[in-house]
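Chains as they are written, first to last, in this note's numbering: chain A, 729 to 1242; chain B, -7 to 307.
It cannot be assumed that every hint is accurate.
[Unchecked claim] Straight-line Cα separation of at most 16 Å, EDC-like style, residue types lysine to aspartate or glutamate; simulated pairs: (1) Lys861/A to Asp846/A; (2) Lys951/A to Glu830/A; (3) Lys1046/A to Asp953/A; (4) Lys1158/A to Asp88/B; (5) Lys1105/A to Asp71/B; (6) Lys752/A to Asp88/B; (7) Lys1065/A to Asp918/A; (8) Lys752/A to Glu112/B; (9) Lys24/B to Asp88/B; (10) Lys47/B to Glu847/A; (11) Lys160/B to Glu112/B; (12) Lys938/A to Asp1008/A; (13) Lys1076/A to Glu974/A; (14) Lys1158/A to Glu1063/A; (15) Lys47/B to Asp846/A; (16) Lys983/A to Glu758/A; (17) Lys752/A to Glu176/B; (18) Lys938/A to Asp918/A; (19) Lys818/A to Glu954/A; (20) Lys901/A to Asp918/A; (21) Lys818/A to Glu758/A.
[What the hints assert, rightly or not] Interface residues of chain A toward chain B, partial, derived using beta-carbon atoms under 10 Å: (22) Leu801; (23) Lys805; (24) Asn808; (25) Asn844; (26) Val945; (27) Ala1090; (28) Tyr1096; (29) Arg1104; (30) Gly1162; (31) Ile1163; (32) Gln1236; (33) Asp1238; (34) Gly1241; (35) Leu1242.
These aren't lab readings, by the way, just hints derived from the structure by calculation.
Everything numeric in this text was worked out from a predicted model, so none of it was measured.
Just so you know, even glycine gets a beta-carbon here, dropped at the ideal spot from N, CA and C.
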Amino acid sequence: MKIRYTLSAIMVVCLFAFIGCEEKTIEVVELQPYAPAQLDTNAGNWQPFVVPFSDVTVVAPADISSNEYQQELAAVKALNPNEAQQQAIKFWGAGGVIRWNEIARELAAAYNIPPNYDENGKYPNPDPANPLKNPRYPFANPPYASRAFALLTIAQYDALVATSHFRQLYGRKAPYALPNGSTARLPQIDAPSYPSEDAVVAAASREILKFLFPGEVPLLTQKADEHKNSRLWAGMNVQSDIDAGEALGKAIADKIIAYAKTDGMGAANNQPGYQNQIADAKARGIGRIWTSREVPPRPPMLPAFGNVKTWNFTAQEKIAMRTAIGPPPTFESAEFKQNLDELIAIAKDRSREQVRIASYWADGAGTYTPPGHWNRKAAALTYANKFSEVRTARALALLNSAMQDAGICCWDVKYYYLVPRPSEVNAEIKTSTGIPNFPAYTSGHSTFSGAAAEVLSYIFPNNKSEFDAMATEASVSRIYGGIHYRFDCEKGLEHGKMIGAHAVKRGQADKSGL
Amino acid sequence: MKQLLLLSMISAGIFSHSLRAETPGDGLMMSKNSFCQVLSYSQNSWSQYWESDVKRSNSNLGTFRSHILTLMGAYGLRDDLNVIYSLPYVTTGFSDSYLSGYQGFQDVSLWLKYNAYTTETSLGTLAFFGTVGGSIPTHNYVVNQLPASIGMGTWSGSLRAVADFTTKDGWYGTFQAGYTVRGESDIDEESYFFNGRLYNTNSIPIPNAADFTLRLGHITSDYQVDAYFDRFTCVSGDDIRYNSMPTPTVMMQSSTIGLYGRYNIGMLSIMANASQVVAGRNFGQSTMLNIGFGYIFQFGGGDEEMTHDNEPKLR
């Protein structure tokens, strides 16, 4: 009887212990605010991508002795941030540029969902006028995401270059650097504070992301407001620093958006034009044309993305690189047969490690895409190396200009050769990841990753071997997954490195001296 | 052996095979030193599923099938205390997809079952049981490719209570309710989307789950038959996103009806089971068919003569 009571008691205790376990927490790494290793106070002289500071104006600030300024200073000094505000100070203090990069990655993952077919077997297009209705607008597929990251980081970079110029021009001291000034709740920086870097980044990022993700205006507005206010709560800026930053960030973003509206993205999903691309390929002697593996057949992803304007070279250079990469091996060639046999063998006996690598790099539907994966890596390194805001933005802008260029060039090649996916050539090839709905040659992952590794190796030369290993693994992951021939991956990686070299050349010539 | 059949109903659930693997929730016990070993085979299939609460099919998947071969057994430590194990081998695949399925041993489970209270009345016997146990994955299988993944890739601990009433002429009703705590699973990817947010980690918390089953049937020394209703629900989690594959974070829910029968030939039992998911959320509308064979071994020194466990020997 004694044992009976003991066991019953143990069970009752277990029951309560179990029910107490209902809350699930997810551990995520917390970033800490830091003072940059270099202040980069000369960044006003660095070459921007699109908008020079001469295209925008920032009104001269009120003198710090003025009544107006003193009132603003007193208002900041009177602030006593509550716990939520202190968290916001710390959150944004880790770096506005990388925080907005995180937000962009989250939005890319949220919107990277292909439309489902309707009852008529048609795939409806997302509607920009109704962005929150399924299928939501935009479908943030890898080309779309590559452009989104490029526009965001280029706007941030151009805006921070202009900020640096105007800060040096006006030389207004930070409120915490004044005698009897504010209490800084973040690491102090010995640099002028007008206009506020953070307000510039918040406003530029918000405007670009509103343009790209029109269903997210409330979220983006709330984030930007919190970002700007965190600088007042932290005692780092006064209101006029913030207001000037807001105006400057918005002015630069507006010009980037005007640029984006003419970059050719509006015509990237030209499905009628796709028929001309097929006819053109057939005229060049290409006999076997890619078809969708989906049921019902899905129109190919952004067939004219290859015509979008590149950042770091001309359309002629794009074609010259396509020529340098050359055509795929013919279906009859020994190389083709060998590459196909490799995939058949993998599909028959895919190892756990091959599945892991294929999944790790898949970055498919519902994720932040391969460009997002590389942004995350880059942001971790700018943070670890204590980059200034403008240096971070430069690194990310160079990276993302290269990755969008990689997407454009790769799409140009894909729709030039229109090579069927391995599973179309041999239906025995089962895959461990979804088959992307566009032609095989060359691999987008390989091209994105080759370009990314090239740029990051220039920015973080000590990590070059790590980046090369990552890019190679990302590339072969597509073979392991069963969705790319080895020649797709090798040529894509090579192509990506050429594309990345153009971004490196831009970086070397941008007067940063980096 | 009724409990063992329940064990074999692995994977009436679809998006997680582990969920059904652990319902030692019936009203019978193995007597001391007797051991029952069961081998069972189940096939689940569905072509319709609930994407959140929207029922749909998917022409790029076709019909999903899983085949589960399970080894399980129960041993009487004492007449009122049994230990139960199970080890399923799961194979999955789609009829109309290029996506590969998976196969392999899933999770090994171990439970203790305890007959806490029994009373005889003029109408029959009323008994209460408690079960506590857990499971761990046998190896590092693929987790984040549901529904093709063979399991959830994490430990679980479960606790359940069973009430059983059997009349003197063998009619019975059994109600069981359980709660399962599950741990975290390391996925191959380094981020995932959950509840509208992006998490930059490879560690996914698998939702805890509650379930109950009501069975009504008849048992004699030769056979047993019953009909049952089962309700399973995760207590947290999110919905499958529009036109997306399920993630291990989703809140799976299902209501299942089923029929079960068993026939004894000496020490051998033959069992069959069929069930149908009739309602769900983030779940496949699965049809399950199962057949199993069990054999009883007696190791010396029992408290009593070996009795066939189909005699409702409730204490």
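Does Asp953/A sit within 16 Å of Lys1046/A, going by the straight-line distance between their CA atoms? violated, 41 Å
Is Lys752/A close enough to Asp88/B, meaning Cα to Cα at most 16 Å? violated, 36 Å
What's the verdict on Lys752/A and Glu112/B, does the C-alpha distance respect the 16 Å limit or exceed it? violated, 43 Å
Check the hint pairing Lys938/A with Asp918/A against an upper bound of 16 Å on the C-alpha distance. Roughly 33 Å separates the two Cα atoms, so the pair is violated.
Given the hint that Lys752/A pairs with Glu176/B, test it: the Cα-Cα distance must not exceed 16 Å. Measuring from Cα to Cα gives roughly 9 Å; hence the hint holds.
Residue hint Asp1238/A, partner chain B, criterion CB-CB below 10 Å: With a minimum Cβ separation of about 30 Å from chain B (threshold 10 Å), the hint on Asp1238/A is violated.
Using 10 Å as the Cβ threshold, decide whether Gly1241/A counts as touching chain B. violated, 33 Å
Hint consistency between Lys24/B and Asp88/B [alpha-carbon to alpha-carbon, up to 16 Å]: violated, 50 Å
Take the shortest C-beta to C-beta distance between Gly1162/A and chain B; is it under 10 Å? Hint on Gly1162/A: holds, closest Cβ of chain B at ~7 Å, below 10 Å.
Does the structure keep Lys901/A and Asp918/A at a Cα separation of 16 Å or less? Roughly 9 Å separates the two Cα atoms, so the pair holds.
Keeping to a limit of 16 Å between CA atoms, is the pair of Lys938/A and Asp1008/A held or broken? Violated - the C-alpha atoms of Asp1008/A and Lys938/A are around 37 Å apart, more than 16 Å.
Starting from Lys47/B, check that the Cα of Glu847/A is at most 16 Å away, please. OK: Lys47/B and Glu847/A at ~14 Å, within 16 Å.
Hint violations for this structure: numbers 3, 5, 6, 7, 8, 9, 12, 13, 14, 16, 18, 22, 23, 24, 26, 32, 33, 34 and 35, all remaining hints satisfied.
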